[in-house]
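Residue numbers (our numbering), protein chains in the order written: chain S, 28 to 427; chain P, 2 to 280.
Hint data in this document are derived by calculation from the structure and do not stem from the laboratory.
Here the structure is a predicted model, which is why all the values come from computation and not from measurement.
Accuracy of the hints is not assured; some may be wrong.
Far from chain P by the CB rule (all over 12 Å, computed), these chain S residues [said to hold, decoys possible]:
id, residue
1, 32
2, 53
3, 173
4, 182
5, 256
6, 269
7, 290
8, 328
9, 346
Computed cross-link-like contacts, DSS-like style, restricted to lysine-lysine with a CA-CA straight-line distance of at most 27 Å [what the hints assert, rightly or not]:
id, chain 1, residue 1, chain 2, residue 2
10, S, 111, P, 265
11, S, 110, P, 260
12, P, 195, P, 158
13, P, 21, P, 221
14, S, 111, P, 271
15, S, 224, P, 225
16, P, 33, P, 221
17, S, 275, S, 32
18, P, 33, P, 103
19, P, 221, S, 275
20, S, 224, P, 221
21, P, 154, P, 138
22, P, 195, S, 224
23, S, 110, P, 271
24, P, 260, S, 111
25, P, 154, P, 106
26, S, 224, P, 103
Part of the chain S face toward chain P, derived, beta carbon under 8 Å [what the hints assert, rightly or not]:
id, residue
27, 114
28, 150
29, 152
30, 209
31, 216
32, 219
33, 220
Ideal Cβ positions, reconstructed from N, Cα and C, are used throughout, including at glycine.
In case you want the letters, here they are:
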Amino acid sequence: MTAAKIIVNEIKGYHRFVKFLIVLVALGALASLARFVFGLGVTTNLNDTFPWGLWISFDVVTAVPLAAGAFTLGAIVHCFHIKKLEPLVRPAIVTGFLGYSLVCVGLLLDLGQPQRCWHTMVYWNPHSPMFEVSMCIAAYTTVLFLEFLSPVCEKFGYHVPLRLLRTIEMPLVVAAASISTLHQSSLGTFFLIAVDKLHSLWYNPLLPLLFWLSAMCAGISIIIVEATMSHKYMGQPDESELLETLAKILPWVITVYLTVKVFSLVALTQGPLFNRPGLLVLFVVEVAVGVLLPLVMLMNGNVRENNRLRATAAWLVIAGVILNRFNVSMFGMEAPGTFYYPSFLESVVTIGIIAAHILFFVLIAKYFPIFEHHPETVDYSIPDHFRKTEKGHAHGAAKA
Amino acid sequence: MSSENQDFNKSKAFLIDMTKCTGCRGCQVACKQWNQLGAEKTEFFTGEGYQNPPLMSEYTFTRIKFRDYEKNGQNEFAFYKEMCMHCNEPACASVCPVGAFKKTKEGPVTYDAERCIGCRFCMVACPFGVPKYEWSKALPLVRKCTGCYSRVKEGLKPACATTCVSAITYGNREEMIKEANKRIAARPEKYLKKLYGSEEAGGTSVIYLTALPFDELGFKPVTKRPLPSYTWQALRLVPGIFLTVGSSLSLLSWFNHRKERIAKEEEQRKSGATPKEES
Numbered sequence: 028m029t030a031a032k033i034i035v036n037e038i039k040g041y042h043r044f045v046k047f048l049i050v051l052v053a054l055g056a057l058a059s060l061a062r063f064v065f066g067l068g069v070t071t072n073l074n075d076t077f078p079w080g081l082w083i084s085f086d087v088v089t090a091v092p093l094a095a096g097a098f099t100l101g102a103i104v105h106c107f108h109i110k111k112l113e114p115l116v117r118p119a120i121v122t123g124f125l126g127y128s129l130v131c132v133g134l135l136l137d138l139g140q141p142q143r144c145w146h147t148m149v150y151w152n153p154h155s156p157m158f159e160v161s162m163c164i165a166a167y168t169t170v171l172f173l174e175f176l177s178p179v180c181e182k183f184g185y186h187v188p189l190r191l192l193r194t195i196e197m198p199l200v201v202a203a204a205s206i207s208t209l210h211q212s213s214l215g216t217f218f219l220i221a222v223d224k225l226h227s228l229w230y231n232p233l234l235p236l237l238f239w240l241s242a243m244c245a246g247i248s249i250i251i252v253e254a255t256m257s258h259k260y261m262g263q264p265d266e267s268e269l270l271e272t273l274a275k276i277l278p279w280v281i282t283v284y285l286t287v288k289v290f291s292l293v294a295l296t297q298g299p300l301f302n303r304p305g306l307l308v309l310f311v312v313e314v315a316v317g318v319l320l321p322l323v324m325l326m327n328g329n330v331r332e333n334n335r336l337r338a339t340a341a342w343l344v345i346a347g348v349i350l351n352r353f354n355v356s357m358f359g360m361e362a363p364g365t366f367y368y369p370s371f372l373e374s375v376v377t378i379g380i381i382a383a384h385i386l387f388f389v390l391i392a393k394y395f396p397i398f399e400h401h402p403e404t405v406d407y408s409i410p411d412h413f414r415k416t417e418k419g420h421a422h423g424a425a426k427a
Numbered sequence: 002m003s004s005e006n007q008d009f010n011k012s013k014a015f016l017i018d019m020t021k022c023t024g025c026r027g028c029q030v031a032c033k034q035w036n037q038l039g040a041e042k043t044e045f046f047t048g049e050g051y052q053n054p055p056l057m058s059e060y061t062f063t064r065i066k067f068r069d070y071e072k073n074g075q076n077e078f079a080f081y082k083e084m085c086m087h088c089n090e091p092a093c094a095s096v097c098p099v100g101a102f103k104k105t106k107e108g109p110v111t112y113d114a115e116r117c118i119g120c121r122f123c124m125v126a127c128p129f130g131v132p133k134y135e136w137s138k139a140l141p142l143v144r145k146c147t148g149c150y151s152r153v154k155e156g157l158k159p160a161c162a163t164t165c166v167s168a169i170t171y172g173n174r175e176e177m178i179k180e181a182n183k184r185i186a187a188r189p190e191k192y193l194k195k196l197y198g199s200e201e202a203g204g205t206s207v208i209y210l211t212a213l214p215f216d217e218l219g220f221k222p223v224t225k226r227p228l229p230s231y232t233w234q235a236l237r238l239v240p241g242i243f244l245t246v247g248s249s250l251s252l253l254s255w256f257n258h259r260k261e262r263i264a265k266e267e268e269q270r271k272s273g274a275t276p277k278e279e280s
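The whole structure should be built from the sequences, with the hints applied where relevant.
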């Protein structure tokens, strides 16, 4: 059988949903091809008034906090040493790695000159938040890739790289957390320059801090949702007990976020807050449904212990963060009387990117050990033939 | 940003006296000719008054906006020459990740198309809505007025200033502001007692004099603070935050791991297990 035939047969065995995802990804790829053939002006609804649209608002500004699970959990597990959460780390890292890779894809599609993306590495402008974010995303994608290499090496039994990865594990976790802190907050810094454009409901000098805190809320919630769903739909082990612990941490982070948000709104905002009823509604929905409701839910022990309710609260937090990012980067930026909505092709590309994320996660979970192994308990000691002769002897003797 | 210690008084600036503008649009034509910009298909009366084309674009770096108003029972026009303001501390230059925009010592803010990656952050950042994009192209670039830098650095005036009969004066920024104040003082009944561009966005290289209130003409209200300072107040913390987060997390994890190691050793000693070396 040829390789192609093997692949086709393999795909034939997939679940209907996975096949559907493959179709969506293919459509997204076609649509992004159209963008390069016909140009941004024809295929998108972007124009000089709305230079940034769905691709920046969702594929970049929203996808980055949604991929924050990896660094949040990595820091919780390894730095604060809450070791029982360890089994959740690998899926989170895979999600993060996929998320960031797809952010890069989204960015490349949106750039006018994607073939020049390396310019950011050569022509430095440290005054630009975009420079900082692109450097961090490049660095962090690399870190996540290295972290993701562990299950890959395990799958193929490469012991030496595993040893190496094990050695640099802690530095990687620390690097991941520090780099993420920078670019998660810098996404907020983006909009500090839009002084008279972003509405005062969202514009305040603490925007970077708010972005960072809400990214952590999103990160924790994503882990809860993901673990619940992979238990339900993929037959993976039930991690409810661990998720309860996370659900205990989450309200604290939300409270900090809410405090900073209220403080900045009351004390630091300049300009009218109530002059745009449409935006006010969006703001109220964002805070009431995305922050207050899940906070109240998660403070209740019964909710934290109930799988379904816990996941619902986490979904609400995620929805709140998504709405927040759209409010900041899209709705809040619209001048009165103007309106942007994504074109058909823009939407197809974004749907394709979301589908790609789910698809790759399912496939990676299928082929690589991301759920089964608890890395700390697996013995990665170098097999005999790598050892010095006398130790090999000793080992051999013991065996005999 | 290349311009922290620059003396902006010595850089060149436009003084645009809109009361002297007759709306001939010679500046628009001169700009198109010098910059070799394509024509745009336009229609009359699509926008307000006779303004044409309806907006600045990749083909139009400057244009005259028309505004109808009534004076002594007569219909009158007021004008506003829309163009890049060439800020002293440009937001576009500060946010561009590859430094494609540069504030030159002569005054104009230039754009290096060779560097541009097309992220359009400049368009989001510019408080005056100046940079425009080549939406028609598959691999588009940004287009904007460069203050005719190629002319200015050779000692010439920008194309629009050269062609204008009366409304545009070009010279040292300091002198232009002095001249503007002189005109206001000479005919206080004619001019609005405010210079647009002297303080807007921290000061620009385009200074406007008008008779009608600025917002009525379509001038955007803009903060007096230089825009780069808004993001810089957050960005300057970056190295500090990186080091703080990095070192505190390293310390924390080192401490926690040490605690665990000690506990393990303790346990081993208690259970009487032989240390590793002897096994």
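**Message:** With the threshold set at 27 Å, check whether the alpha-carbon distance from residue 33 of chain P to residue 103 of chain P stays at or below it.
**Reply:** 22 Å, holds
**Asked** Is residue 224 of chain S within 27 Å of residue 103 of chain P, Cα to Cα?
**Response** 23 Å, holds
**Asked** Would the hint on residue 219 of chain S stand, with a C-beta cut-off of 8 Å toward chain P?
**Response** 5 Å, holds
**Asked** Minimum Cβ distance from residue 114 of chain S to chain P below 8 Å?
**Response** 18 Å, violated
**Asked** Holds or violated: are the alpha carbons of residue 110 of chain S and residue 271 of chain P at most 27 Å from each other?
**Response** 23 Å, holds
**Prompt:** Holds or violated: is the Cβ of residue 53 of chain S farther than 12 Å from all Cβ atoms of chain P?
**Reply:** 21 Å, holds
**Request:** Verify that the Cβ of residue 346 of chain S lies farther than 12 Å from every Cβ atom of chain P, and report whether the claim holds or is violated.
**Result:** 25 Å, holds
**Request:** Please work out if residue 275 of chain S and residue 32 of chain S have their alpha carbons no farther apart than 27 Å.
**Result:** 49 Å, violated
**Asked** For residue 256 of chain S, is the shortest beta carbon distance to chain P beyond 12 Å?
**Response** Holds, because the least Cβ-Cβ distance between residue 256 of chain S and chain P comes to about 30 Å, which exceeds 12 Å.
**Asked** Does the nearest C-beta of chain P fall within a distance shorter than 8 Å of the C-beta of residue 220 of chain S?
**Response** Check passed: Cβ of residue 220 of chain S comes within 4 Å of chain P, closer than 8 Å.
**Message:** Tell me if the straight-line CA distance from residue 110 of chain S to residue 260 of chain P falls inside 27 Å.
**Reply:** 13 Å, holds
**Asked** Is the Cα-Cα distance between residue 195 of chain P and residue 158 of chain P 27 Å or less?
**Response** Roughly 25 Å between the alpha carbons, so the hint for residue 195 of chain P and residue 158 of chain P holds.
In summary, the numbered hints that this structure violates are 17, 19, 21, 27.
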